[in-house]
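There are 2 protein chains.
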Amino acid sequence: MANDIRIMTEAELREVVALDLETVDVIESAFAALAGGEVVMPPILSMDLPAANGEVDVKTAYIPGFEGFAIKVSPGFFDNPKLGLPSLNGLMILFSAQTGLVKALFLDNGYLTDIRTAAAGAVAARHLAPEVVTTAGVIGTGVQARLQMQAAHLVRPFERVIVWGRDEQKAAECAKDLKNSLGVEAEIVSDPAQLVAESQLVVTTTPAKEPVLKAEWLHPGLHVTAMGSDQEGKNEVEAKALVAADLYVADRGSQTEKLGELRSAIAAGLWTGGAPVELGDVITKKSAGRKAAEDVTIADLTGTGAQDTAIASHVAAKLAGGDAGTVIKS
Amino acid sequence: MANDIRIMTEAELREVVALDLETVDVIESAFAALAGGEVVMPPILSMDLPAANGEVDVKTAYIPGFEGFAIKVSPGFFDNPKLGLPSLNGLMILFSAQTGLVKALFLDNGYLTDIRTAAAGAVAARHLAPEVVTTAGVIGTGVQARLQMQAAHLVRPFERVIVWGRDEQKAAECAKDLKNSLGVEAEIVSDPAQLVAESQLVVTTTPAKEPVLKAEWLHPGLHVTAMGSDQEGKNEVEAKALVAADLYVADRGSQTEKLGELRSAIAAGLWTGGAPVELGDVITKKSAGRKAAEDVTIADLTGTGAQDTAIASHVAAKLAGGDAGTVIKS
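First to last, the protein sequences are chains P and R.
Here the first sequence stands for residues 4 to 333, numbered as in my numbering.
Here the second sequence stands for residues 4 to 333, numbered as in my numbering.
Excised from the complex, chain P in its bound form:
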C-alpha cells in the first residue's frame, strides 16, 4: 500500500489559509451541517497533566458530504512562557472519511484553531449582531482579542474598537495592533462597563473564572459573543445575562451546558429553557435569530470538532494538485 501523506508546517499553512471571508463561509457551512443532524461529533477527549500545569484536548467530527474528517489535538501547557515557549500548540490530522487513511498532517501549532475560532465569531456576528455596528468592544488582550475583532470587522465593518484588559499596557498594545490592522479608531478604557455601553458588538476572549461582563450592562441593540470559556470552571458572562437577553445561542448545546456560559446559568438554577438554540439552527433558519434592532443577543462559543474538520478540509482543498509541504509515503 502506498499512501501519500502531506505534511505542512505552521509557516507553510500561513501561506495557504488566512482569516478572510472565504474561511468564514467555510466555518459557517460547518455550523449549518451541525444543524442538519447527521454530523457525528463525540464528546471532547480531555486529559490533565497536573505535574506540568498542562492539559490536552482532542476534538473530532464527521460531517456528511466532506471527503475527510479531522482529529485535532490541542495541548495547553501554561508554564511554557517561563521557558520562552507558547502555552498553546498542537496539530490537526486529516483522514479520508472513506478509508480512514491519513491524508495530511497540519503541524499548525494552533494556527488553524485560532482562525477557525475567530471565524466562528464572525459567523455569530453575521447572524446575530445588529445590522449596523459602529463600535465594537473586546474584553481580553490576547491573540483571540485581535483575531475576533478582525473577524467581526469582515462582517460588520465598524469604525471604532474599544479594548479592555486587566493589564492596561497589554490593552494598549492590542488597541494599537487593531488600529494598524483594521484602520479603525482604537482606544482603551479602564472600565469594562463603559466598553459595553458604547458598543453594539462585544466579544469576550478571556479565561475568566468569574464574570467579566455583568447582566446590568446589557443594553438595547447589543450583541455579545463569549468565546473564552471552553472548560468546566470558566465563566465570562454573568449567568443572569443569559436569561435577560432576548436570545441566547450556543455553538453546540451539548458542549455549552458543560463547558460554556450555559453551565453557570444551569448551575445557578436560572436556565429553564432546556436545549438552547444553536448557531446552526439560526444559519439554516430553523430558529429565528435577532428579531429587532433593539434585541439583546448572546452567542456562546466553546469550539467544535466540526469547525476543525471544516478548516482542515478547506486547507486540503486549497492544496490539491500542488506540491506544498513535504510528502511522505506510508
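Keep in mind that the hints are not guaranteed to be accurate.
Restraint ranges, calculated between C-beta atoms of paired labels, are given here [to be verified]:
#, chain 1, residue 1, chain 2, residue 2, range
1, R, K321, P, L24, 30 to 36 Å
2, R, P84, P, K332, 55 to 61 Å
3, R, R17, P, T275, 54 to 60 Å
4, R, A278, P, P210, 32 to 38 Å
5, P, H222, R, V330, 54 to 60 Å
6, P, G236, R, A295, 23 to 29 Å
7, P, A270, R, E213, 41 to 47 Å
8, P, E70, R, D7, 29 to 35 Å
9, P, A291, R, S257, 41 to 47 Å
10, R, G272, P, K288, 47 to 53 Å
11, P, G236, R, G272, 35 to 41 Å
12, R, S193, P, G68, 45 to 51 Å
For lysine-lysine, the following DSS-like pairs were computed, each having C-alpha atoms within a straight-line distance of at most 30 Å [said to hold, decoys possible]:
#, chain 1, residue 1, chain 2, residue 2
13, P, K332, R, K261
14, P, K321, R, K321
15, P, K261, R, K261
16, R, K237, R, K217
17, P, K332, R, K85
18, R, K173, R, K237
19, P, K332, R, K321
20, R, K332, P, K85
Everything labelled a hint here was simulated from the structure, so no lab data went into it.
Every residue, glycine too, gets a C-beta built ideally from N, C-alpha and C.
With chain P's structure known, arrange chain R on it following the hints.
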C-alpha cells in the same frame, strides 16, 4: 520557536522495534504504573462513521516519570478490503509531557498497536499462566492470532500450538506460519472445545459478539487471555466462565466493564465482585495472581492508552541521537 519533529513510517518503525522481551518489559512497566494510581488515562474517544462502515478510536495516557505521552488514533474501516486496503490503520503522536510540543509522528498503520497489544498478552501469560505450558491454543486466525502466540512463546516456550477458526483454510495458514516462526508443532482442530481441553494457555483473538469459549470447557491448570473485545457488543468468553474461574484479571477495570468480557458478565447479573483485580495489581503484587498450578485464570484485555504511551516512548528512546526517519522543523 524551532521544534524538531521526527516522522517515522511503518517500514522505518519495523527496523527499530519488534515484538521481543524488551518490548514485553516496556509494556509490563506501563501496567505496573497503572497500578500506581497516578496515571491519567481518560476514557477512549470513539466515533462511528456509519456511511463508510468505519469507526475511529483515540487513546491516550499520561504516565508519571515518562518524558512523553502518546495520543494514538486507530481508524477501522471494514469495507477497505474490498478496495484492496487493510481495515486497520492509524498513527501515534508523541508529545513532550513537559511542554506539550509534538516530538514525533509514528505513521505506523497500526504496527505499534499490534505489538503493544501482543506484548500485553505476554505480560498476562507471564503473571497468570501456569509455570509450565506445553500446549498453547489460539482461537482466531488473524494478525493477533499469530502475534499473541509469538508473544506467549517468549514467556512460556510451549512445544505445540493448536489453532481454531471458523475458516479452516485460514486456520491452516495461521498454523503453518506459527510452525515456521516459532519452530513448534502446529495443528488445527475442528472443535474449539478440543483446543481448550488440550491447552494450558488459550488466547481468544476474535471480534466475536457471541462467546467462542464456553464456561464448561474450563479445566484445572488453564489460563485464558481474551483480547478480542474492545467495544460494547463484543464478547468472546461465556459470562459464566468469569465467575467460574479462580481469578479474573482486567487490564483496566473501568474499560473491561464497558468494552470487555466483564461487560457481559455484569449485564447477565453474574458479576457481583465489584472492581476487578487489574493486571498492574498482580505485577506489583498488590493482588495475588495464580495461587496454584490447578487454578483457572482469565485475563481480559481491551487495550489501554498507557500501553500506547509506553511503546511510543520506547521507540523514541531507541531513536534518540540517531537520524532515522524524516525530521521537520515546526
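Cross-check of the supplied hints:
no., hint, verdict
1, R:K321 to P:L24: 30 to 36 Å, "violated (49 Å)"
2, R:P84 to P:K332: 55 to 61 Å, "violated (21 Å)"
3, R:R17 to P:T275: 54 to 60 Å, "holds (59 Å)"
4, R:A278 to P:P210: 32 to 38 Å, "holds (36 Å)"
5, P:H222 to R:V330: 54 to 60 Å, "holds (55 Å)"
6, P:G236 to R:A295: 23 to 29 Å, "violated (51 Å)"
7, P:A270 to R:E213: 41 to 47 Å, "holds (45 Å)"
8, P:E70 to R:D7: 29 to 35 Å, "holds (31 Å)"
9, P:A291 to R:S257: 41 to 47 Å, "holds (44 Å)"
10, R:G272 to P:K288: 47 to 53 Å, "holds (50 Å)"
11, P:G236 to R:G272: 35 to 41 Å, "holds (39 Å)"
12, R:S193 to P:G68: 45 to 51 Å, "holds (48 Å)"
13, P:K332 to R:K261, "violated (37 Å)"
14, P:K321 to R:K321, "violated (38 Å)"
15, P:K261 to R:K261, "holds (23 Å)"
16, R:K237 to R:K217, "holds (15 Å)"
17, P:K332 to R:K85, "holds (22 Å)"
18, R:K173 to R:K237, "holds (21 Å)"
19, P:K332 to R:K321, "holds (22 Å)"
20, R:K332 to P:K85, "holds (22 Å)"
The earlier numbered hints that this structure contradicts are 1, 2, 6, 13 and 14.
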